[in-house]
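Participant: In case you want the letters, here they are:
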Amino acid sequence: MRRMSILKKLVWFLVAGLGAVAVGIIATSRGERLNAVWLVAAAACIFVLGYRFYSRFIAYRVLELDETRATPAERKDDGRDFTPTNKWVVFGHHFAAIAGPGPLVGPILAAQFGYLPGTLWILIGGVLGGAVQDFVTLFCSIRRDGKSLGQMAKEEISSTAGWTALVGVLLIMIILIAVIALVVVNALKGSPWGLFTIAATIPIAFLMAFHLRYLRPGRILEGSLIGVTLVMAAVVGGRYVAESATLSHWFNYSGPALAWMIIIYGLAASILPVWLLLAPRDYLSTFVKLGTILALAVGILAARPLMHLPAISRFADGTGPIFAGKIFPFCFITIACGAISGFHSLISSGTTPKLITNETHARMIGYGSMLMESFVGIMAIVAAGVLQPGVYFAVNSPAGIVGETAGKAVATISGWGFPVTQAAMADLASKVGEITLFNRTGGAPSLAVGMAHIFSNVLGGTEVMAFWYHFAIMFEALFILTVLDAGTRVGRFMLQDLLGHIWKPLGRTGWYPGVVFTSMVVVGAWGYFLYQGVVDPLGGINSLWPLFGISNQLLATIALCVCTTILIKMKKTRYAWVTLAPLSWLVAVTMTASYQKIWSPDPRLGFLSHARMLSDHIASGAIPAAQIATTQRLIFNDRLDAAVTLVFAALVVLILVESGRHWWAYAAGSREPVLREAPAELSQLEA
Amino acid sequence: MVTLMLKLLKTLWTYLREVSGENDYARYRGRVAAEGGDPVTRQEFYDQRLQEKYSRPNRCC
Chain W
1293 MRRMSILKKL
1303 VWFLVAGLGA
1313 VAVGIIATSR
1323 GERLNAVWLV
1333 AAAACIFVLG
1343 YRFYSRFIAY
1353 RVLELDETRA
1363 TPAERKDDGR
1373 DFTPTNKWVV
1383 FGHHFAAIAG
1393 PGPLVGPILA
1403 AQFGYLPGTL
1413 WILIGGVLGG
1423 AVQDFVTLFC
1433 SIRRDGKSLG
1443 QMAKEEISST
1453 AGWTALVGVL
1463 LIMIILIAVI
1473 ALVVVNALKG
1483 SPWGLFTIAA
1493 TIPIAFLMAF
1503 HLRYLRPGRI
1513 LEGSLIGVTL
1523 VMAAVVGGRY
1533 VAESATLSHW
1543 FNYSGPALAW
1553 MIIIYGLAAS
1563 ILPVWLLLAP
1573 RDYLSTFVKL
1583 GTILALAVGI
1593 LAARPLMHLP
1603 AISRFADGTG
1613 PIFAGKIFPF
1623 CFITIACGAI
1633 SGFHSLISSG
1643 TTPKLITNET
1653 HARMIGYGSM
1663 LMESFVGIMA
1673 IVAAGVLQPG
1683 VYFAVNSPAG
1693 IVGETAGKAV
1703 ATISGWGFPV
1713 TQAAMADLAS
1723 KVGEITLFNR
1733 TGGAPSLAVG
1743 MAHIFSNVLG
1753 GTEVMAFWYH
1763 FAIMFEALFI
1773 LTVLDAGTRV
1783 GRFMLQDLLG
1793 HIWKPLGRTG
1803 WYPGVVFTSM
1813 VVVGAWGYFL
1823 YQGVVDPLGG
1833 INSLWPLFGI
1843 SNQLLATIAL
1853 CVCTTILIKM
1863 KKTRYAWVTL
1873 APLSWLVAVT
1883 MTASYQKIWS
1893 PDPRLGFLSH
1903 ARMLSDHIAS
1913 GAIPAAQIAT
1923 TQRLIFNDRL
1933 DAAVTLVFAA
1943 LVVLILVESG
1953 RHWWAYAAGS
1963 REPVLREAPA
1973 ELSQLEA
Chain S
3 MVTLMLKLLK
13 TLWTYLREVS
23 GENDYARYRG
33 RVAAEGGDPV
43 TRQEFYDQRL
53 QEKYSRPNRC
63 C
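Chains as they are written, first to last, in our numbering: chain W, 1293 to 1979; chain S, 3 to 63.
Treat the hints with care, since some could be wrong.
Dumping the calculated EDC-like pairs for lysine to aspartate or glutamate here, alpha-carbon to alpha-carbon at most 16 Å [as the list claims (entries may be wrong)]: (1) S:55 / W:1373; (2) W:1863 / W:1373; (3) W:1379 / W:1366; (4) W:1379 / S:20; (5) W:1368 / W:1437; (6) W:1864 / W:1964.
No wet-lab data here; the hints were simulated from the structure.
Produce the entire structure from the sequences given, and follow the hints as far as they go.
Facilitator: Structure representation (C-alpha cells):
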C-alpha cells in the first residue's frame, strides 16, 4: 500500500476531528435539544472514515482483491446475466436492491428507546457488521462465478448448511412479507386519501405495463416518467377523494378488511404475468424511493431540525409500548436493515457479482452501498426524532397498551412524562389530512409525519403538510408493496423448487395449477401472520417485528459463517475476527432475543407466558363467553410464534455447529481446507 | 455554465438509462450482430429480462 501524503493525512485528521466533535456533542447532549445536523455530521464522518480505512484494510490485507483477476462477468460474459458493467451503474443497481423499507421502519420503531441507542447501533453495526457482511459475501460470490449464498454454504461448509440457508431464506420471506404488509395496513386503515393513492398505483402500473410491452417496448425511463407523473397526480387528487362524502366511503376500511385486500392483491401479483404489475410497479417505486431519500437528505440539511425525542427514553428498561424488551437485545433486532441485514447477502450473492467488471469494485459496491443504507437509517431516526415525544408515542402505541379512546391514550402517554393533548393530536391529524393519528403502530405514519414536518419546513409551510404526509405514505407503501410482490413470487419459486423434489409437475414454473397452488401456499403463510398481527390487541408489531429481526439476523449468521469458513480456507485465519466479531455479536443478540421471546415470564414479552396468561383468564372466567373463541385463537398464535422463533434459534445453532465443526477440524489439522474458487484467469479488461 | 449544465444532464440521462436497463437491448443487439447471430425482438428481450430478474431475491427488506 502506498504511503499517504501529509496533505491527505491532514484532511483525514480533520474528518476524524469533526466526527469526534459531532459524536461528543451527541453523547453529552442532555436536557437541551440537539440539532439533527450533528447526527448527520457524525454519520457522514464515521462512514467516510470506515470506508477509507476499514474497508481498505479488508480489501487489501484480508481479501487481497486482485485487479488483474478476471471476474465472472468477464469470463462468462453472455450479454445477459453475466455482463461487465460500469461500477457506478452496478452501485445504483445494488443500492436500489438492498434499500427497502427496513432501514426506515426499524429505526423509527427503535426510537422508543430514544434516538441514541439506535444511532450508535447504526453507526457501529453498519461499519463493523453490515458493510463487512455485504462486502465479503460479494467477494466470495465473485470468486465462485456468482454463486448464491445457499450454494456457497453447501459447497464450502456442508449440505446441511446449504439446506439451512434454503429453509432460512423461505422463512424470512414469509415473516418479512407479513410484517411489512402489517406496516402498510396500519398506515392505510381509516385513511381514504392514502388508500386512494395506493389503489391508483395499480391501474397506473397496468398503463405503464402496456406502454412498456406494446407501445414502446423496454423504454423504461419514458414509462417511469409517465407513471411518476400520474402517481403525483393521484397524491394531489387523494385530497378531493378524502373530502368527498361519497368517494371517501369507498376508500375507508378497517385493518382486517385491508389485510384481506392485501392478501388477494399478493395472490394476484404472484400469478399475473410479471410484466403486467410487478415490473412496472418496481420501476415506479425505485425511482420514487431514490428520489425521496435524496430529497429527505437535502430537506434535513436545509431545515436543520431540532431533535425532540430524548437521547435515551424511560423505555430502555424494556417496558416500551411499541414492543416489549430492553435495549439489549431488542434494539439490535429491531434495527436490522440499516445496521446489519442478512437479506443483503442474498443480493450480494445474486445479480450483483455477475455484473462486476473488476474485483476491486466490490469494495465500493458491497461496503459503500451498505454505508449508504446506514445513512438512510440515520435519516429515519432524525425523522422520528423531530416529533414531540408525546406525538411519537400517540401515533405508534397500540390501543391495547394506551387505551381504546383518545382521552385514555393521551392520559396514559402524558402519565409517562410525554405530554400530549387530544387537541394537539386532532390539529396534527387535520394538518396531515387524516381523521385520526392514534394507534398507527408500524412506523410508517410517524415517519410520514416526521418527513412532512421536514419537507413542509423547507417547501410550502404547514398548508402543504397534508400533501407531504400522503406523499411519504405513498412512497413507503409503494415500495413495501413492491417488496411484497417480488417476495411472494420468489417465495413461490423456492417452494416450487422444493416441492418439485416430491412431485415433479409442482416444480414446473410454467404449469398453471402448480403456480396457483404454490402461490396460495406462500400467500396463505404470510397472510396468516399478517391477519394475526392486524387483530392482535398489542398491535402485531410487538410479536411480528422481533420475529422478522430474528429471522433476518439468522440469515446474517449464515452469511457470516460462510464468510468466516472461506477466510479460514484462504489461510487468513488471523483475520477471521473481521467476520467473527459481528457473527459473535449477532449470535448473542439472536439467541438472547429468541430465548426472551419464547420463555420470558413477562406476558408482554414472552409468547408462552402470554398464552399462559390468556389460558388462566379463560379458566378463571375473566373472558366473556363471546370472546373465548377469539382468545383461544390468540393462544394458538402465541404458541405458533414461539414455535417459529424456536425454529429460527435451532437453525442458528445448526449452522454454528456445522461451521464450528469444520473450523475445529481445520485448526486441528484433521481436515485439509479445500477452497472451491473458480480458476484464476488474467483479466483482459481495464480496471 | 449552460454547456456544463447540459453536459451534467446528459451524463445523468445516460446513467439513468444504464441503471434502469433501458440500454441493455441496444448492447445485446450490437453484441449478437458482431457475433453474426439473430437477435430476439425488443419485446422478447424485455420479457426474458423480467423473468430472470424476478425469479430470485432482488428486492430487500
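Participant: Of the hints given before, which are not true for this structure?
Facilitator: 2
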